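Participant: Note that full-length UniProt numbering gives residue 832 to position 832 of the sequence shown, counting from 1, and the numbers run on in steps of one.
Honestly, the hints are just simulated from the structure, not real lab data. Misleading hints may appear alongside valid ones.
Calculated lysine-lysine pairs in the DSS-like style (CA-CA distance at most 27 Å, straight line) [unchecked claim]: (1) 192 x 166; (2) 508 x 489; (3) 575 x 518; (4) 478 x 489; (5) 829 x 839; (6) 598 x 583; (7) 598 x 166; (8) 156 x 575; (9) 518 x 482; (10) 192 x 156; (11) 598 x 575; (12) 899 x 989; (13) 508 x 598; (14) 899 x 839; (15) 575 x 478; (16) 166 x 156; (17) 518 x 489; (18) 508 x 484; (19) 164 x 575; (20) 508 x 518; (21) 482 x 508; (22) 593 x 583; (23) 478 x 508; (24) 593 x 508; (25) 164 x 192.
Note that the structure is a prediction, hence the values are computed from the model and not measured.
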Amino acid sequence: MDTPTLSHITLRARDRAHLGQALAFYGHLGFSIIRHDQDDNGHWLVYLPPTSLAAPNNYIPKATAPLVPASGGKGSGSPAMPSSPVLAPTPSHAPATPRRVQKGDPQRPQVPATIHLRVADQGSVAGELVDMDTEKLHGAPVSLVFTTADLVALEKMCLARQFKCKQMTRDDGGAYLYVADPLGNVVVFTTKAHPFSSHILQNSTTSIPSATLPDALPYAAIPHHATESTSRSSEPVSTTTDADAAAPAKRIGVLTSGGDSQGMNAAVRSVVRMAILKGMQPYAVYDGYQGLVDNRMVPFGWADVQGLLRLGGTVIGSARCMAFRERAGRLTGAKNLVDRGIDALVVVGGDGSLTGADRLRAEWPSLLDELLATGRISQEQRNRYAHLTIVGLVGSIDNDMSSTDMTIGCASALHRICEAIDAIEATALSHGRAFVVEVMGRHCGWLALMAALATGADWLFVPERPALVESWQEAMVKHLQKLKDRGQKKMLVIVSEGAIDRECNPIKPDEVRDVLAKQLGLDARVTTLGHVQRGGSPAFYDRYLGTVQGVRAVEEILRSTPETPSPMIGISQNKLTVQPLMKAVELTHAVSKAIDAKQFARAMELRDPEFAPAFDTYVAMNNLPPALFGTPAPTSLLARVPATIGNSSSVASNAGSDFSRPGSPALDAIPSNGLRVGILHIGAPAGGSNAATRTAALLALNRGHVPIAIYNGIPGLARGDASVLTRRTVANWTARGGSELGTNREQPNNQIGVCAFQLQRLGINALIFVGGFEAFTALHTLAANRDQYPALCIPMVHIPATISNNVPGTDYSLGSDTALNAIVDACDKLKQSASASRKRVFMVEVHGGNVGYLATMGGLAGGATDVYIPEEGINLARIQKDVDYLQRRYSAEQGTGAKEGRVFLRNENVSETYGTETLCAIMRTESGGLFDARSALLGHLQQGGSPSPLDRTRATRLAAVCIDWIERHAQPPREGSPEAKTGQVVYSKVRESACVVGFRGADLVFTPVDDLMQLNTDLKNRRALEAWWMPWRGLVPLLAGYAVSADKAAASAKSVPEPVAKL
């Protein structure tokens, strides 16, 4: 007997406002809009919640779980029924996602959980928001019930969104999450399988680690490697549904406008491929808005965007379009869009480009009315394309847009600037010259400021905070004269393109050069970097940002309604954000208005959250008077050591020249009323370690402290191998890779007493550890033995520095960005080699220890086919799946001229059995002669070279706050205590005085090492329990084409027919 299948559930809202709230609510829960009906303003949604990794045997992905109402639900108008979770029958071997029925197919298609959201007709019953008590949710009538595999992630999201929700375990042993929707319905998610599929969660051989899901990205990790116990399908699953097949494919356009920036191509690639995955037809609009006016719009297919990640600029062009500024030009553009059947645009550009896009959307109804009145479009076209959807991505090297921490292109431009200045430094030092370097930033000083931190500039001009003195020339000369008197041979001044004085008069590089030459007698030169800053291959971060923001843009197109304002995709606190586009533009313009009004403090407030702290760090490092720039530096940068601290008399008399390095002052020859701060490196070398040491040393000296270098990690400390760091010693360390202090992985376990003795003998009052997981465990060991050794009762802080990015307490470790840039550069070259041979796959082994961060993020930004990481493991079924995929792709590409290079990234510790060479041998053997496989081990190349600009700036900020933190926690012992009687200067035993400092989003956070060890550390695998990057892992194979057919992935879409409409 054939069991009837539930079609869908209809939920009705009172009005469009409530409909918008409901759409947003279900979107956050993981529903995706698959169709928008113009006639009743209804939206069809399917439940496609994310899963982090591979699905277990016999596991039915959540997208396929049909739903039935446990009660009628207020949206349906049916009478309420008693609460009881009910799930519709689902065969245990359903496909991973819905598929279209083939002719003669004996298997019944699986129906996804489908909701029809619409505005209620007049007189009909509509749902309304009921103020339910959260504690009583589980007793309210239930409307909808779904199966899910990860209630924890859903609950976290609901709590973060402040949804009313309650999680509980019922008598049947299942876990249930009750959530109230804006229409008065109670939605339930459960891990309990229904009776017709009771074994679907059994016989699991692959565990699903927990991970924090990215906000509103239901496709974040499609189970592309699910192992199946019965059979293995050789065909990829379709991402379209039967509803998609019934309606014509939605067409969206993507254009780049304004000044070009590296990373725009990554955004174009991800928009095109995600649109195809969502069943839409993407169009590339050439030359920005000029392409709309001139009707230069070309359909793009999967293969049309291959190889774009490594290219700078924008392959679809950008131009300033004067015609589009007039209504007549916008009218022509609207006509061309309608003729092409495009009713959604993703615009990548600056504030001007995004403003133009929003204006087009605002005028869209009137433009179509005018086209209809003049007979240029039909009534059918007017109805079908009644609404235009706009989504904005910010592409700007200046990083001048408010409401986002970073813009696409700014990191790469910073790379070009630092590369140029590093080269200039060599010749400046050789000849004792001063260089004035002008960088871009007409209205924003972000590039100049970050370049100053990353290169150690001696003076800086930015528009947001000019020197508030009558003569900036006098202030600059006074400061640089001090440096000259100290014996500094070269000088570096960075000038932002929009630099001004306190009266808003422009400051030009030639004027600065003349001041240096005439008043300081320096041989001064000007270097204007110009458009070099826009060129070159994108840096890792811009590839990553363009990719994930492009993916989110497609999602926002599907979520958009006529009532929602045009969104702008940004990034804040290391998370993607969606802000009203025009609000962000208004805030951006407010910065310029504040500068013009000489409200410089207000301009600083409107910049990204890192801008003001970074500027204050620059002022503190260069020992400039805070009042010079109008406002005092934050309290944290002005903290001083209590007067009772700083007496160095406790230092033993023999702690001097015996242990000092040549050229360094004796340890007991430096009079100081401040602290003696020890700095040591532990673990493997990482880019940025030297920059952090330099910043800590300079700030310590500026504050009256004594920075002491401890050489070669813990063994050096045990030997007392130390010397004082001077300004001249650390002068050029910012751009140096490796570790100038020397480093190793040895732990203090058997040397704790000796280490405590040397700290006491050297008179060290505080310790800064710079290193990876070894430094983390060393800090914890020393802090745990404070009861036995009073000399360890001093402030101790760990700056994470490891390419593996495995230290708990931080989103980023120093060195990881440098390593990722090395990986994507290697991927570019290997893919180029593979494409030349046309039938070659590279298996690339990368570092990372037991953490897949480098492989995952490098694979995402480098365009890898897929990655092998320790968090997932590897088995034969997974390898066979990849071989099947490669066979399909290379078979489909035969005779097409396609020459896409392919690489897989393999973490070094993913498997002892399936090594890099073993995987290559398996792939060669199983390839059927269609392709070859080669290996590439990047090895220690990932650790070497000059640190990336982001690692340098992060190191500078981390070290700066560490000195302030040490000053706050360097407390003297209690009067009359044993420690005071023995002459101990500092006694800090509280748990908060042994911390890890790290980035949490854009914030710098100090977390006690004891808390991290107990709550967020997997000591066995040497990694944090939380991994913010893990949800992006699923995008790697998704954007490589695992979810599309081989023929579709190999073909171009430039022969797509245009829609035909009758006038």
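Participant: Give a verdict on every hint.
Facilitator: Hints and how they fare:
| no. | hint | in the structure |
| --- | --- | --- |
| 1 | 192 x 166 | holds, 16 Å |
| 2 | 508 x 489 | holds, 24 Å |
| 3 | 575 x 518 | violated, 49 Å |
| 4 | 478 x 489 | holds, 16 Å |
| 5 | 829 x 839 | holds, 16 Å |
| 6 | 598 x 583 | holds, 22 Å |
| 7 | 598 x 166 | violated, 51 Å |
| 8 | 156 x 575 | holds, 15 Å |
| 9 | 518 x 482 | holds, 16 Å |
| 10 | 192 x 156 | holds, 19 Å |
| 11 | 598 x 575 | violated, 33 Å |
| 12 | 899 x 989 | violated, 63 Å |
| 13 | 508 x 598 | holds, 19 Å |
| 14 | 899 x 839 | holds, 8 Å |
| 15 | 575 x 478 | violated, 43 Å |
| 16 | 166 x 156 | holds, 11 Å |
| 17 | 518 x 489 | holds, 17 Å |
| 18 | 508 x 484 | holds, 23 Å |
| 19 | 164 x 575 | holds, 23 Å |
| 20 | 508 x 518 | holds, 16 Å |
| 21 | 482 x 508 | holds, 23 Å |
| 22 | 593 x 583 | holds, 15 Å |
| 23 | 478 x 508 | holds, 19 Å |
| 24 | 593 x 508 | holds, 21 Å |
| 25 | 164 x 192 | holds, 22 Å |
Of the hints listed earlier, those the structure fails to meet are numbers 3, 7, 11, 12 and 15, in rising order.
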